[in-house]
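**Q** Here the structure of chain A is known, so what remains is to put chain B in place on it, guided by the hints.
There are 2 protein chains.
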Amino acid sequence: MAEVDGGFRALDEKKLIDYIKATPAVSSCLGNDLEGLTIKEVGDGNLNFVYIVISSSGGSVVIKQAIPYIRCIGESWPMTKERAYFEALTLKEHGRLCAAHVPEVYHFDRNLSLIAMRYLEPPHIILRKGLIAGTEYPFLAEHMSEYMARTLFFTSLLYRSTFEHKQEVANYCGNAELCRHTGQVVFSDPYRVSQYNRWTSPYLDHDAETVREDDILKLEVAGLKSMFCERSQALIHGDLHTGSVMVTTESTQVIDHEFSFYGPMGFDIGAFVGNLILAYFSQDGHTNNDKDRTAYKDWILKTIEDTWNLFYRKFICLWNENRDGNGEAYLSDVYKKPELLLLVQEKYMKDLFHDSLGFGAAKMIRRIVGVAHVEDFESIADANLRANCERRALEFAKWLLKERQHFDSIQQITSSLQKTTP
Amino acid sequence: MAEVDGGFRALDEKKLIDYIKATPAVSSCLGNDLEGLTIKEVGDGNLNFVYIVISSSGGSVVIKQAIPYIRCIGESWPMTKERAYFEALTLKEHGRLCAAHVPEVYHFDRNLSLIAMRYLEPPHIILRKGLIAGTEYPFLAEHMSEYMARTLFFTSLLYRSTFEHKQEVANYCGNAELCRHTGQVVFSDPYRVSQYNRWTSPYLDHDAETVREDDILKLEVAGLKSMFCERSQALIHGDLHTGSVMVTTESTQVIDHEFSFYGPMGFDIGAFVGNLILAYFSQDGHTNNDKDRTAYKDWILKTIEDTWNLFYRKFICLWNENRDGNGEAYLSDVYKKPELLLLVQEKYMKDLFHDSLGFGAAKMIRRIVGVAHVEDFESIADANLRANCERRALEFAKWLLKERQHFDSIQQITSSLQKTTP
Numbered sequence: 389m390a391e392v393d394g395g396f397r398a399l400d401e402k403k404l405i406d407y408i409k410a411t412p413a414v415s416s417c418l419g420n421d422l423e424g425l426t427i428k429e430v431g432d433g434n435l436n437f438v439y440i441v442i443s444s445s446g447g448s449v450v451i452k453q454a455i456p457y458i459r460c461i462g463e464s465w466p467m468t469k470e471r472a473y474f475e476a477l478t479l480k481e482h483g484r485l486c487a488a489h490v491p492e493v494y495h496f497d498r499n500l501s502l503i504a505m506r507y508l509e510p511p512h513i514i515l516r517k518g519l520i521a522g523t524e525y526p527f528l529a530e531h532m533s534e535y536m537a538r539t540l541f542f543t544s545l546l547y548r549s550t551f552e553h554k555q556e557v558a559n560y561c562g563n564a565e566l567c568r569h570t571g572q573v574v575f576s577d578p579y580r581v582s583q584y585n586r587w588t589s590p591y592l593d594h595d596a597e598t599v600r601e602d603d604i605l606k607l608e609v610a611g612l613k614s615m616f617c618e619r620s621q622a623l624i625h626g627d628l629h630t631g632s633v634m635v636t637t638e639s640t641q642v643i644d645h646e647f648s649f650y651g652p653m654g655f656d657i658g659a660f661v662g663n664l665i666l667a668y669f670s671q672d673g674h675t676n677n678d679k680d681r682t683a684y685k686d687w688i689l690k691t692i693e694d695t696w697n698l699f700y701r702k703f704i705c706l707w708n709e710n711r712d713g714n715g716e717a718y719l720s721d722v723y724k725k726p727e728l729l730l731l732v733q734e735k736y737m738k739d740l741f742h743d744s745l746g747f748g749a750a751k752m753i754r755r756i757v758g759v760a761h762v763e764d765f766e767s768i769a770d771a772n773l774r775a776n777c778e779r780r781a782l783e784f785a786k787w788l789l790k791e792r793q794h795f796d797s798i799q800q801i802t803s804s805l806q807k808t809t810p
Numbered sequence: 389m390a391e392v393d394g395g396f397r398a399l400d401e402k403k404l405i406d407y408i409k410a411t412p413a414v415s416s417c418l419g420n421d422l423e424g425l426t427i428k429e430v431g432d433g434n435l436n437f438v439y440i441v442i443s444s445s446g447g448s449v450v451i452k453q454a455i456p457y458i459r460c461i462g463e464s465w466p467m468t469k470e471r472a473y474f475e476a477l478t479l480k481e482h483g484r485l486c487a488a489h490v491p492e493v494y495h496f497d498r499n500l501s502l503i504a505m506r507y508l509e510p511p512h513i514i515l516r517k518g519l520i521a522g523t524e525y526p527f528l529a530e531h532m533s534e535y536m537a538r539t540l541f542f543t544s545l546l547y548r549s550t551f552e553h554k555q556e557v558a559n560y561c562g563n564a565e566l567c568r569h570t571g572q573v574v575f576s577d578p579y580r581v582s583q584y585n586r587w588t589s590p591y592l593d594h595d596a597e598t599v600r601e602d603d604i605l606k607l608e609v610a611g612l613k614s615m616f617c618e619r620s621q622a623l624i625h626g627d628l629h630t631g632s633v634m635v636t637t638e639s640t641q642v643i644d645h646e647f648s649f650y651g652p653m654g655f656d657i658g659a660f661v662g663n664l665i666l667a668y669f670s671q672d673g674h675t676n677n678d679k680d681r682t683a684y685k686d687w688i689l690k691t692i693e694d695t696w697n698l699f700y701r702k703f704i705c706l707w708n709e710n711r712d713g714n715g716e717a718y719l720s721d722v723y724k725k726p727e728l729l730l731l732v733q734e735k736y737m738k739d740l741f742h743d744s745l746g747f748g749a750a751k752m753i754r755r756i757v758g759v760a761h762v763e764d765f766e767s768i769a770d771a772n773l774r775a776n777c778e779r780r781a782l783e784f785a786k787w788l789l790k791e792r793q794h795f796d797s798i799q800q801i802t803s804s805l806q807k808t809t810p
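Quick note, the sequences are listed as chains A and B, same order.
Here this note's numbering is used: the first residue of the first sequence is 389, the next is one more, and so on.
Here this note's numbering is used: the first residue of the second sequence is 389, the next is one more, and so on.
Excised from the complex, chain A in its bound form (with noise of 0.2 Å):
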């Protein structure tokens, strides 16, 4: 586990050509036509180097330079290189299981921290900036359920073995400060006087104050981050936001495996829905802009429902087609009986929806009070406004953290969002 230095660079665009000319892997990617080649750097995360690369004959490549720090504050906040490992593996394992939505490793650089992988051409965007122009995309639901569903299902103990679990869990340790990273901004900073937290001040000033003074929503918190740092249910992507999602409205692709490990389901459900809760929430600051978006509202509502429902119903699906396999959490001549494995089925997912209400909560909140914040919010330029969408947001997530054992169905979580009036 112990990090590669051998030989580490951060390229720029005249070596990054070099590199390319002398790596087959990327250079036949682009048609092996090496002249003239447009390079276009556009990491807009928060973390890597990456860059388009297009040949004139119109072959494509994406390469992605993990730098020893995080890119958006700097060298003050080191962080592993080795995170492009996991990146890369998790890339090609989920792309295994998926590969319809997750883009294709053509080329894994260890020692430069680099992935070539498969340029996702226009009209692909960031799901969150297509949520903030107020696009709808009739798949989403459908294709991330499915993404969720095959890679947290065929990871799991419900199909893999426990030789083969407990191989992968001890690998995927060695991405341990990336995991350290998100517990720390997620599950204890908003919670804390932090010098890297921030939140739109004046205006939040109390409501962060709240946040920091909220013992009922700490105790529940401590339980999520006892979770998130010992459970190691399923490989999750560990980061799937909807800035980690590429989408046109017919095509979904999940990015940015780097924070990926063996963790709980409901991290990367809750990922997922809680980031379109805030999307949510942010509407009413974009209505200015243009349209009405009452019906856009209601597409994301729709769309809420539509994942869970869907990730269920897939989910379960998985699980009875594969009762009879490898699997050892639960074998198949424990539980035959049909009505029993019902039983289990059903407990099994209102857990995980109670998990997954729970870390969606809590990622919420990290992202109007801690230090990584979002677009969605961001993009309204009025402070006042902001700050009235992002006190509903986290208002809601609080509720949302601390009852979330009440629920039965993800009707209950829209219905209640749709009484939320600003």
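Treat the hints as calculated values from the structure; they're not laboratory data.
This structure is a prediction, so every number in the text was calculated from the model and none was measured.
Misleading hints may appear alongside valid ones.
Identical chains share a label here; the pair holds if one copy fits it or two copies do between them.
[Claimed, not checked] When the alpha-carbon atoms are kept at most 30 Å apart in a straight line, the in silico DSBU-like pairs for lysine-lysine are as follows:
#1 K725 to K790
#2 K786 to K725
#3 K685 to K409
#4 K724 to K735
#5 K790 to K724
#6 K724 to K786
**A** Same frame as chain A, but now just chain B:
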């Protein structure tokens, strides 16, 4: 994590002497006085060969060798001898954390899966035998609560950083085969028809069948199995029944750590308490041998209460002493307010209590209708009397497993035990 096979050979007495002579770390334990050694094989356990070696000048050592199958079943049930590596590792780590109650390791040979360790001299006996004999151990609860509090606290995220934790978890994933074995014999086999299951037949035929058809029980057991497989809460002993403890009236020594791994704390606490409850129910089968066992049963109940209550106190004490340390589960500046710290501690201990009751009950059930039984019952010669004791223990365990969430204190458990009369 690959198994080391180079040069393994099962030792007999002759080869053992040659080995001792060639191994200074062992021969020095015997004062290098190697003529006229007394060697006695005492492996009465299920798995290994254990030799007591004593020199004529009074030096002594125990040599324990793992063989690549389960001794009591034979080569038809293989089990990696690499378990000795994990046993030695945990003996050393738990010994470092609680030297008073873990025998010292003098030497470990990975190729031979051989551990040389302190000989626990007479009158040390296996605790289970003492419980059958009706012997009171006035310091048992004090010592076992000390062992469990220290080993579980210091290997959890309450004390460890995420880095230390993940590194240790990764290493112990290598003990997958023994985890898989436990998972199968504790959480699966008793709930299905299995060639290895046995029970006091024909008396308990119907009881065993009832266990296999109890849907609610199987639903609860599924949750416990998932927790056992997925939750890396602390470095647990993994097999902490009353046969893994050697005692005198003054000394308590925990042995047989080969099942150790990063798992749920409640599995250790439950194993110990569950086996004390088995001892309790077996007493009525031993009354005819000698004196009345009423007072002894009260002592067992008192020991159960004291074990949990002292564990609780010691564990919280360690937590408070180390609250400003490296532990990342509950950062001190998030949980600094005394009443909030108390609130999270109470929640943590309540969850742990329920986990312990669940695991304890599951361990009881498997000792009555699964592959491995306990001498507490096996030594009751009258099969009808034995079956009656076992049935009462089984009924209690099933009830405890299903109702465990409703208990707040260990006194509620011991009161319920007291009310179960033959």
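**Q** If a hint holds in the structure, say so; if it does not, say that too.
**A** Hints versus structure:
1. K725 to K790: between (35 Å within a copy, 20 Å between copies)
2. K786 to K725: So K786 and K725 pass the 30 Å test across copies only (20 Å; inside, 40 Å).
3. K685 to K409: Intra 48 Å, inter 80 Å, cutoff 30 Å: neither.
4. K724 to K735: within (16 Å within a copy, 36 Å between copies)
5. K790 to K724: This pair counts as between: shortest inter-copy Cα distance 21 Å, intra-copy 36 Å.
6. K724 to K786: Classified as between; 21 Å across copies, 40 Å inside a copy.
Hint compliance for this structure: hint 3 is the single one not met.
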